[in-house]
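Protein chains in written order, with our numbering: chain A, 6 to 661; chain B, 6 to 661; chain C, 6 to 661.
The hints are simulated quantities; they were obtained by calculation from the structure and are not laboratory data.
What you are looking at is a predicted structure, and each value in this text was computed from that prediction instead of being measured.
Even for Gly, the Cβ is constructed at its ideal location relative to N, Cα and C.
Be careful, since some hints might not be right.
[Said to hold, decoys possible] Below, a sample of chain B positions facing chain A; criterion: calculated Cβ distance under 10 Å:
hint, residue
1, Glu-34
2, Ile-58
3, Trp-116
4, Gly-117
5, Gly-356
6, Lys-359
7, Arg-373
8, Asp-494
[What the hints assert, rightly or not] DEER-style ranges, computed between Cβ atoms:
hint, chain 1, residue 1, chain 2, residue 2, range
9, B, Asp-562, C, Pro-285, 38 to 44 Å
10, B, Glu-545, C, Trp-69, 54 to 60 Å
11, C, Gly-526, A, Ala-608, 21 to 27 Å
12, A, Asp-110, C, Asp-240, 39 to 45 Å
13, B, Glu-524, C, Asp-201, 36 to 42 Å
14, A, Arg-179, B, Arg-38, 54 to 60 Å
[What the hints assert, rightly or not] According to the in silico footprint, chain C covers these stretches of chain A (three or more CB under 8 Å from chain C):
hint, stretch
15, 111-119
16, 365-379
17, 633-644
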Amino acid sequence: MPRLDDVTRGRILYGGDWNPEQWPEEIWEEDVRLMRAAGVNSVTLGVFSWSRIEPRPGERDFGWLDRLMDLAHENGIGVVLATPTASPPPWVGRLHPDTLPVDADGHTELWGGRQHFSHSSATYRRLAAAITEDLAARYAAHPALTLWHINNEYCTHDHGDEAAARFRTWLRHRYGTLDALNTAWGTAFWSQTYGDWDEVLPPRRTHYLKNPAQVLDFRRFTSDMLLECFTAERDIVRRHTPHLPVTTNVMPLWSGQDAWRWAEEEDVVSVDLYPDPDDPFGAQHGALVQDMTRSQARGPWMLMEQAAGAVNWRAVNRPKPRGLNRLWSLQAVARGADAVCCFQWRQSRQGAEKYHSGMLGHAGPEGRAHQEVRRLGADLARIAPHVSGSAVSADVAVLHDWHAWWAADQEGRPSRETGHAELLGAWHRALWRAHLTTDVVHPEHDLTGHRMAVVPQLHLLTDRAADNLVAYVRGGGSLVCGFGTGVVDEDDRVRPGGMDERLRALFGIRTLHEWWPLEPGATVDVEGGLRGTLWSEELEADGTAEETLAYRGGELDGLPAVLRKGSAWYVSTLPEPDALRDLLAHIAAGAGVRPVLEGLPDAVEAVRRGGLLFLLHHGRGEVTVDVPGTHRDLLTGATVTGRVTLGRYGVAVLAP
Amino acid sequence: MPRLDDVTRGRILYGGDWNPEQWPEEIWEEDVRLMRAAGVNSVTLGVFSWSRIEPRPGERDFGWLDRLMDLAHENGIGVVLATPTASPPPWVGRLHPDTLPVDADGHTELWGGRQHFSHSSATYRRLAAAITEDLAARYAAHPALTLWHINNEYCTHDHGDEAAARFRTWLRHRYGTLDALNTAWGTAFWSQTYGDWDEVLPPRRTHYLKNPAQVLDFRRFTSDMLLECFTAERDIVRRHTPHLPVTTNVMPLWSGQDAWRWAEEEDVVSVDLYPDPDDPFGAQHGALVQDMTRSQARGPWMLMEQAAGAVNWRAVNRPKPRGLNRLWSLQAVARGADAVCCFQWRQSRQGAEKYHSGMLGHAGPEGRAHQEVRRLGADLARIAPHVSGSAVSADVAVLHDWHAWWAADQEGRPSRETGHAELLGAWHRALWRAHLTTDVVHPEHDLTGHRMAVVPQLHLLTDRAADNLVAYVRGGGSLVCGFGTGVVDEDDRVRPGGMDERLRALFGIRTLHEWWPLEPGATVDVEGGLRGTLWSEELEADGTAEETLAYRGGELDGLPAVLRKGSAWYVSTLPEPDALRDLLAHIAAGAGVRPVLEGLPDAVEAVRRGGLLFLLHHGRGEVTVDVPGTHRDLLTGATVTGRVTLGRYGVAVLAP
Amino acid sequence: MPRLDDVTRGRILYGGDWNPEQWPEEIWEEDVRLMRAAGVNSVTLGVFSWSRIEPRPGERDFGWLDRLMDLAHENGIGVVLATPTASPPPWVGRLHPDTLPVDADGHTELWGGRQHFSHSSATYRRLAAAITEDLAARYAAHPALTLWHINNEYCTHDHGDEAAARFRTWLRHRYGTLDALNTAWGTAFWSQTYGDWDEVLPPRRTHYLKNPAQVLDFRRFTSDMLLECFTAERDIVRRHTPHLPVTTNVMPLWSGQDAWRWAEEEDVVSVDLYPDPDDPFGAQHGALVQDMTRSQARGPWMLMEQAAGAVNWRAVNRPKPRGLNRLWSLQAVARGADAVCCFQWRQSRQGAEKYHSGMLGHAGPEGRAHQEVRRLGADLARIAPHVSGSAVSADVAVLHDWHAWWAADQEGRPSRETGHAELLGAWHRALWRAHLTTDVVHPEHDLTGHRMAVVPQLHLLTDRAADNLVAYVRGGGSLVCGFGTGVVDEDDRVRPGGMDERLRALFGIRTLHEWWPLEPGATVDVEGGLRGTLWSEELEADGTAEETLAYRGGELDGLPAVLRKGSAWYVSTLPEPDALRDLLAHIAAGAGVRPVLEGLPDAVEAVRRGGLLFLLHHGRGEVTVDVPGTHRDLLTGATVTGRVTLGRYGVAVLAP
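Just chain A, same shape as in the assembly:
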């Protein structure tokens, strides 16, 4: 199997999306000259080139792309070549309206933006396959080609008739019989029993709440259909270039496809990552996505897209302050990235993203941001030989599953305040602040490589996953489990008792009497000065728990809030940030998990990759870090002994 290492060959890929079809060809030479000056060694071509390659049905215009591929190659820049199927040309939609997606209310999404394709459209798939075939045939032997990039940020939904037909096929495959579907979806309630497959639809507009199992399956179906689109194109390019790896860029905390499944189908896992420069926990958000991506990749991965400066889709789009792009880029490397790429190389002057920054912005080569892009290129080249291909060590597993997310964040739930992504972020943030490096792990996967496992919320928990957790604790693992876990089974059916009985036994809970979700801003007191937010629970212990923190005051006064039974902890509320950090640090210490480095200042993130120690300073002042022993800082070449001083957004990459 081709791998990312085949592409990097000891380097860190550096570059980004290059969309030169926006510019006259005379600019291309300047682009390449500036790329070389910036240390760019990889560009992504063709992401939105369908209308250029196939301006009219069946035509092919590859000449411009030939020239670009050659130009890249002549300049020693590798090409990540994208299939252009994320944005069909206007003629596709006009001649083939069946390729256009339809929303739950029946509105069609038209061309004039992007991603206006239906994953279920046979016509779309046929046209996408044809252009992929020709593209792959054309460039299979081109020496610039290093990696295939299929489509872009797969994320569309379709509720139209062709999608409905495919949904039925998918459901037949899942359930076999209509009876099984009726059972799984609980259609006996509200008189929804299907008597004929043709009655089954995507969750379209209803008068009141939709069937949640239908909604869940539609999310699963959508992920699978998009994955089919991916694998169809992957198989085509693989046929032409079996030696080259294939990837697609995902947005794991946004679009919500099942990235675990997707990663299995990719040779290289790549991700798009856009933390808000104005978010004080932007770096932690980045760390979470990086941990997740590395875990899916089971090794080095690609940061396929980030922004050198501002994006343009937030309400207020702040640029990256001086040093931040470098800091966050090196953070990605610390957490396993062997490619640091931006969308896009040269900022557009026209179109919907003309205010999204580029590596070469409107301010031009003298612009502050571009000067930083150059500095980063040099830094990456300096550390690459020491880091490329190496592994990140993490003792803590954070458990995450998209199906649990889809099942949890539905209408008609106990509280709309308990967003899955927000809970995942809160727990990861607490671990990050405790300087504990994490992997993100699927709940059915082997946990024995981690001393400690943390479950922010797994609303849906399969039998296999429940058994996995129990076995992990039996095997000596330390498990910390947040509320709202083990509520439903794989079919979104509430577990007897409202919480999986295996989990209850694991934590020493006899009865879960009631959920007590909290109003926004409300808190609940717990012994030991801990305050809970968002949620609380009326629990009855079974007497086997060895340690308990009780609620204080209010309706739950005296009832257990936190239980420990052996190495299994249950936390029935979301502790405030400091309290959650301290609790997790305490549990980690008990589990023998140490911070990456003792005595780290709050603002400094430390990560070990291979034999290197990355120190990343997220503050703007100056800070000193005690680092026992003597190291060489690969970025400066300096030898450091005992302590390292980091300035604003400073980074040290220490080799023994």
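Mind docking chains B and C on chain A? Use the hints.
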């Protein structure tokens, strides 16, 4: 005419919706065993059973229901049998798309939720009649059957073409000629004059404000069409079982059908009531709905649905704290309920309401909530012989009319802050806090049985209602009238002077110069320390008022805010809660209306039903109530003399 | 060319929309009697009369209008006659669904409101022309007719198929070839290149961001199509009455047609103006609209619609306090209005605007508001001979362009907080508070008549406009330019460097490194105690600026916030209100621009029109104004020397 008494026969009905088609039959036996243990004597079957009874067009499967009816009967549990017409099976929508409702923008509401039926669809009506016919024929003679429950929470709108045709028919009936419609709707404005009946439509999407009289008539039409659906099914079941009463469960403060008209067509009036357990005035909200329902029933009524714990449709769904379900259930009995039922018996494990609590929740029989359900069953059984069938005494009438509501709460009005339901709630709350029991009365109905009448807001006031108010005051009644009353006539036409001239004469108002609605949060000062909210008025008195409280400060300084002329009071703002309570207590005292009991603590609600005095404590501490004389507390059997002590959510039912 | 002077003939027109078709004819006589008592000399008839004139296709009923025209004439009241084409009768929509507009999601806007016509519909245009033709023919010779009023508040959009076809035609005319369109729209990005004209659509629903140049052109197209509708009707009436002027009432800060272009096609410029009586800067908002309208008219103009009291489309609709209607009406006269008219004469009792005030409100002739209407009529008659037809003097030009607005306020921009209208308002407010009278000027127009020019924000700046600004400064003009100016060219293409290089050279800016938009509520400090809001910029000066105020603190510490080079100022943030006022006053003083009067109290607005000095007091207390010399107050006839005392909302009109 069959009545509720025929069903209760000295008991209080206790139980709820039982949807056992969700469960394997082996659970049914457990259900019935647990019901008996909890004192359940009535269950509602079949509410969402259409797809079970008629899985394919024209088929009938009654076997499962036969077994359930028999099982209930064998266990001494009466059955409220529902027609299943609120949620047609998927095949109905697929084979008959004309049965599906369409919104104002043209979107169709599909199956996959519930209530996806058009009241105007001839096909729907035919199919609903057929299954109702067969259901009634099947169980007419079944000994378990006690009451018919038609459909469920009628509340759907339809703007589609068949509804448009029915709307035109309804309008022809109302207005006779197109000229009369044009006059009533004021179509001379904005060039809306209709020249042909076929031009008349439901209020669909427009560029700017819709014709308000058209919107009002569409609300009336919708209520009438849904009522036609009800009466059609009622007539069918009545033909089979003329001896059994018929009801349907309404949501009077939500869906907005004209419950006065509906009550006339029902044998038994029943209601669904879901106050927010977290709302400090949840109990008063309950009291208002209970007063309204009792007034429509003109005697005992059914609480058809409440929740034993949390619901699942709020943003944050709080459970009922220990004791609250019992307190609120007994409050309903105090205010006239002879049936206390829950949705639903056993909490669902699947479907859209799986997080809506049940009498038997996910926690099972040992769950705290279920234990309380058992206690409540015992309490109800204890007091039933003393209370069932008896009347509630109330001296104060609160006037309410749905047509006034529909006319008031439209776009293009003076203030969007003055929601009708909120005003009704605010005035009722002030009376409730003053320990004054209220009936809710239609403004055209006889008021002479009440010493005091309160009009929160009757934006639309018919001539007959205006005359009724005048006659009431002439006859010695005390009338208190809030702002925004008598503004429009039955056709939504503004009364000359902006307020009915009869009312102005009644209160001593010469001229209503301007409305001065207040911005959210703003207040206006009035003499006597009273502060007004939401609204104020620039009024000119005619010199006949005997008492006046003037505005202080601002643009209205010195102008009358409150006027009294004889026993007629006009209040041109919404006083802050304490001030409104005090004002109404003062007026009541003047009218010879006393609180239910003197010296009641704030947290204790007192209601007299039959010869009994209910004391309901809405607080969590302990409170002592002075009760002159000696009574027996029917709940405890204890004799109490002079004073009663009530604990957290405590209730006493005192017999002389 | 006929002009407004031909209508006013030394008078100020006073009156408003008269929609007597809402009332029985017996009321018409009362109307006219009350109009005369109030000094009304002009009424607008027919705005919404299509269904009355043409109740069925092709019929004509003019008799009622004949009687009204005669009645007006007999009473010396001139008639502004409206074509009734803003609200087609129901039969038009039913028989000709192609006349109905369609929104971006495909929803049709139906009759039942108003303005449900598509500017692009050939059928609509044909029917509108036919009724206009007959109306003009009928009344061409009527002695009451003084002015034509075409349609009403043109503002509708249409995304339907016929509009799409016209859009393509418009685009062909603009661009000639599809290649040119592709280039202008930057369709090479996101694979949007059009290969066939038929692929080009209005900006309908897309999956993600729309092409911004397409959106901009659609706004231009919409303005042009509506203007075609206007000119088509104008040409018809002009043929019948070449001696009479033609106007249409625009809403320049709301609907967003290009009022510069429109004004060129009108004989008289008229405006609808509805400041919020509760807005502390309502008067300034009025002043801005008045300045803009006067500037478009290049002389006297009509206030076609205002409200005598409350409107009904805000969330909370406050009435006008005593004196405010007079004050704001006289403000309009001060700023050039020769007509002060209201919507509408008699307040409706029915329909969607029954809670919109009238000159004769629901309270009737004795109502406070109507009494004020009478007083105003007398005031206007008193000052008219001295003011009608005269010019307003203003030394400051505020530059404004609708195309810049449309280009700026799109999705996908750096900050959604920087609304164009809000910025325009903020800058004008600062000038107004500094007592500087302003004209509003198109950026390509001659600026040499103004000593100072202010650019709040011209996101899109054409080459011609940029050259105009440079030439203005070279010629000695003082230019003050706000941020976000000169960003894109006429095709919405970002200028190299992110800001027009001519502007950068003008202000001494070498490089615009980054935009730093601010989060809502955030501020940034600048030297001299100035604080900026909404926006900041990372600028690098080129050393030619003569004066600089630097940012203090934060990421931009020490970088230039405000630059002056000669008489050209650049302000890279929005200073807080007082600071902006002071800055502009300082710059004005340097440019030799003096306030209208020295030492004016904050609450007093002063404007010079012809030889008169208007003093307008926007406060409720009493205030004294120093006015050197001796004047006669035309409103009171009093002679004032040295100082004038103004009471609540007081006005003085001082003649030398």
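Is the hinted range of 39 to 45 Å satisfied by the C-beta distance from A/Asp-110 to C/Asp-240?
Holds - the Cβ-Cβ distance for A/Asp-110 and C/Asp-240, about 43 Å, lies within 39 to 45 Å.
Kindly confirm whether 38 to 44 Å is satisfied by the beta carbon distance between B/Asp-562 and C/Pro-285.
20 Å Cβ-Cβ, so the 38 to 44 Å window is violated.
Using 10 Å as the Cβ threshold, decide whether B/Trp-116 counts as touching chain A.
Cβ of B/Trp-116 sits 7 Å from chain A, so the hint holds.
Please count how many residues of the stretch 633-644 of chain A have a CB within 8 Å of a CB from chain C and say whether that reaches 3.
It is violated, with 0 qualifying residues against the three required.
Are B/Arg-373 and chain A close enough, Cβ to Cβ, to be under 10 Å, as the hint says?
Check passed: Cβ of B/Arg-373 comes within 4 Å of chain A, closer than 10 Å.
Can the suggested window of 54 to 60 Å be confirmed for the beta-carbon pair A/Arg-179 and B/Arg-38?
37 Å, violated
If you take the shortest Cβ to Cβ gap from B/Glu-34 to chain A, is it below 10 Å?
17 Å, violated
Quick one, is the B/Asp-494 hint okay against chain A at 10 Å, beta carbons?
34 Å, violated
Taking the beta carbons of B/Glu-545 and C/Trp-69, is their distance inside 54 to 60 Å?
The hinted range 54 to 60 Å is violated for B/Glu-545 and C/Trp-69, with Cβ atoms some 36 Å apart.
Cut-off 8 Å, C-beta pairs, minimum 3 residues; does the coverage of the stretch 365-379 of chain A by chain C stand?
holds (count 8)
Kindly confirm whether 21 to 27 Å is satisfied by the beta carbon distance between C/Gly-526 and A/Ala-608.
Distance hint for C/Gly-526, A/Ala-608 holds at roughly 25 Å.
B/Gly-117 as chain A interface residue, shortest Cβ-Cβ below 10 Å:
With Cβ-Cβ at 5 Å, under 10 Å, it holds.
Of the numbered hints listed earlier, those contradicted by the structure are 1, 8, 9, 10, 13, 14 and 17.
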